[in-house]
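**Q** Spelled out, the chains give:
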Amino acid sequence: MAEAVSDDGFVVFDRVQKSYDGETLVVKDLNLSIAKGEFLTMLGPSGSGKTTCLMMLAGFETATHGDIRLGGQPINNIPPHKRGIGMVFQNYALFPHMTIAENLAFPLEVRKMGKSEREEKIKRALDMVEMGAFGGRRPSQLSGGQQQRIALARALVFEPELVLMDEPLGALDKQLREKMQFEITDLAHNLGITTVYVTHDQTEALTMSDNVAVFDDGRIQQLAPPDLLYEKPENSFVAQFIGENNTLEGIVTEITGDTCVVRLDDGEELDATPINVSKVGERTKVSIRPERVEYNKERLQEGAHTLKAEVLEFIYMGDIFRTRLRVAGNDEFIIKTRNAPDVERLQPGQQIEIGWLPQDCRALDA
Amino acid sequence: MSDMTDTGGPVLAADGTPLKRSLARALRRQKMRALMLIAPLLLFILISFILPVADMLYRSVQNGIVTETLPRSVVALADWDANSGDLPSEAVFAAMAADLKDAAAAKTHTKVGTRLNYENPGISSLFRKTGRKAKKFDVENGGPWKEALIDINKGWGDPDNWRTIQTYSPPVTAGYFLNAVDMRVGPDGAESRPESEQIYMNLLKRTLWMSLTITVCCILLAYPVAWILANLPMRQANMLMILVLLPFWTSLLVRTSAWKILLQQQGVINDILVWIGLVDDSARLVIINNQFGTIVAMTHILLPFMILPMYSVMQTIPPTYLRAAKSLGATDWTAFWRVYFPQTIPGIGAGSILVFILAIGYYITPALVGGTKGTFISNQIAFHISSSLNWGLASALGAILLAVVLVLYWAYDKIVGIDNVKLG
Ligand SMILES: Nc1ncnc2c1ncn2[C@@H]1O[C@H](COP(=O)(O)OP(=O)(O)OP(=O)(O)O)[C@@H](O)[C@H]1O
Ligand SMILES: [Mg+2]
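Read top to bottom, the protein sequences are chains A and B. Residues in the first sequence are numbered consecutively from 43, following our numbering. Residues in the second sequence are numbered consecutively from 396, following our numbering.
Keep in mind that the hints were calculated from the coordinates and are not lab data. Every residue, glycine too, gets a C-beta built ideally from N, C-alpha and C. Errors might be hidden in some of the hints.
Stated by the list, open to error - Calculated pairs, SDA-like style, for lysine to any residue (alpha carbon to alpha carbon, straight line, at most 20 Å):
| no. | chain 1 | residue 1 | chain 2 | residue 2 |
| --- | --- | --- | --- | --- |
| 1 | A | Lys124 | B | Lys496 |
| 2 | A | Lys321 | A | Glu333 |
| 3 | B | Lys768 | B | Pro539 |
| 4 | B | Lys496 | B | Pro539 |
| 5 | A | Lys124 | B | Pro539 |
| 6 | B | Lys768 | B | Leu680 |
Claimed, not checked - In silico negatives: residues of chain A with every beta carbon more than 10 Å from chain B:
| no. | residue |
| --- | --- |
| 7 | His123 |
| 8 | Glu291 |
| 9 | Ser320 |
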């Protein structure tokens, strides 16, 4: 996992470690390279060290070990205000005693910019987030979404090359969040800004990013574009964390090229693609996405292994059907089927057989 | 909805009464209940605060004693022209004799003497001495009273004394207030007292100036302490908070006396300075029983009142503001000055008002460590209340102090805005 970090990234974390108390490492061996103009999301459960990484990059925490480079220069000894990194905080941190225009003027004033130039930039930044009419208001007179846009405008007004955002949409309702997700990615791409975005909302990560770094336990578990992350998780943590996932546990009994056979704990067998398993006899967790499970025999490959399943619950969700099954002793096995005219609606208590293509079923670490 | 209001006429409730009236009736009951709940406190405040203040304000202008004790003389004196330089007529003297006889019998002649003595030092002995003989006056048959009274005391032959009686005969007087601002009623109306008799205005100025100094000292000392308190982890902050509050648990007298021990010429601080060699043994510093001593001791005593509001305001300022400012390119100092400091102003304002108003009326500490140069106007008020018994003057001084505080409060509201004051 800890492949050598290429040196040509715009932002580079090189073997970075961080400990707050001298006893536990909050960040363990972080290696990450972010290209110029890239939108990278750090995704991970609470306490996995995402904010800590961001703070080290912004200069509010120092790395205990390792180098952080920005544009090829090590920045460990550069104070935060000289790094020129825009930042959007989770609670926006708009200065309450200043108007919106004064908030936006602040980074320009400390850079000793002339008044006319300042006003022009403020106007442009406000127009960019469609808040042109709000320059005279105080932050407390704005709604959450409007404050969020102002925070974004303030982080961008001094034209930084790198912008960090720490869960900027956490406080917004779902609809507004989706709108803002779109607006943020749009802005970032149009302006060509390198963005590091922190969230623990996986949908947000998948829809917005060029690359997603999944954090757990102070390490990057997988760094990949969203589609690869979802379809080809490299370990069971990522498979479990991203999207809905079914897990079955068993032992590898046979490996032939890029398929293998796994015998589940109750004796049934299934086909899978070996990812994190290398030899026969190893324990494994097999991961299958709910929408890749097939129970219509005609659609299954000739000779594929099938499993017996009992329908426990059928949930009608409009566009899809969500069915809960008992499979090999697992009561939480979910399948999703598109609501099409020819799809059979399963009844609770019904006994069915399920199967899948081996490439959709990944044998991961136990 | 809108067409209902458009039709004009009052909106009616279900039972046909106008909606406004039934709403008012419903609310009245609630208001009555709320009033009942705060009634004990209102009563307490009325008895222990509003009535005494009103009484004080009344006393500062009240002057009934002269007309009550010398009713006939006051009437007779009314048409006398004090500026003529002549003594009043025989009729006035006769009226005075009659009044004095009654007053001596009722033993009130010394009181009126004391009252007039505030305005004309020496006049009290005139009343005291005459009063002794007045009991034997034969009002009907005696006389002529002009010679008789002047014979008893030469003071009755001085038009100035008669002028004092005439000037202070109305039941309401501005005399106490004039006195409190170092003025008096002279032949041509209000005039300044001679330089040597001016005390109160200087004292008031000194009180204001020293209170301001104390407030500024408190701000300077409290700000960093409050900042540290607000930024420490909870447990350590609580520990430190106990240290801040510790003075509250010690008697004020003990704390003030401790300062006496520290600051006196043979005290700890002087000893240390001499021992280090900074100060010669023969030239020990005088740092108590003067303004310096008062400022030091009172700054110490009032410090918690500054720290607490500052702390509670600073606690509500998330550290992300400073971080945001720095990420936007501000140096540590700019971030503090432009982002953090403005948000703490409500705390500074609340603390300053508290400390200043407490300081301006402070009494014990200046009395103990102030010497003669470091006392406050409140010490003079206390003197007039308990020693000279001139309650009228004490009340006038108190009323002036009250007015000064209200004016400052008003000015603060105009400049900073009173809703900008936060205690937490
Ligand atoms: N100032 C600090 N002092 C000590 N420990 C800290 C400090 N800040 C964070 N930690 C610890 O470091 C770990 C990682 O924290 P961090 O804030 O980076 O998590 P995160 O991934 O941002 O989580 P979240 O999604 O909840 O924001 C946590 O276990 C946290 O308790
Ligand atoms: Mg975080």
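**Q** Next step is simple, just say for each hint if it's right about the structure.
**A** Results of checking the hints against the structure:
no.	hint	in the structure
1	A:Lys124 to B:Lys496	94 Å, violated
2	A:Lys321 to A:Glu333	29 Å, violated
3	B:Lys768 to B:Pro539	53 Å, violated
4	B:Lys496 to B:Pro539	15 Å, holds
5	A:Lys124 to B:Pro539	102 Å, violated
6	B:Lys768 to B:Leu680	16 Å, holds
7	His123	5 Å, violated
8	Glu291	43 Å, holds
9	Ser320	46 Å, holds
Checked against the numbered hints given earlier, this structure breaks hints 1, 2, 3, 5, 7; the rest are met.
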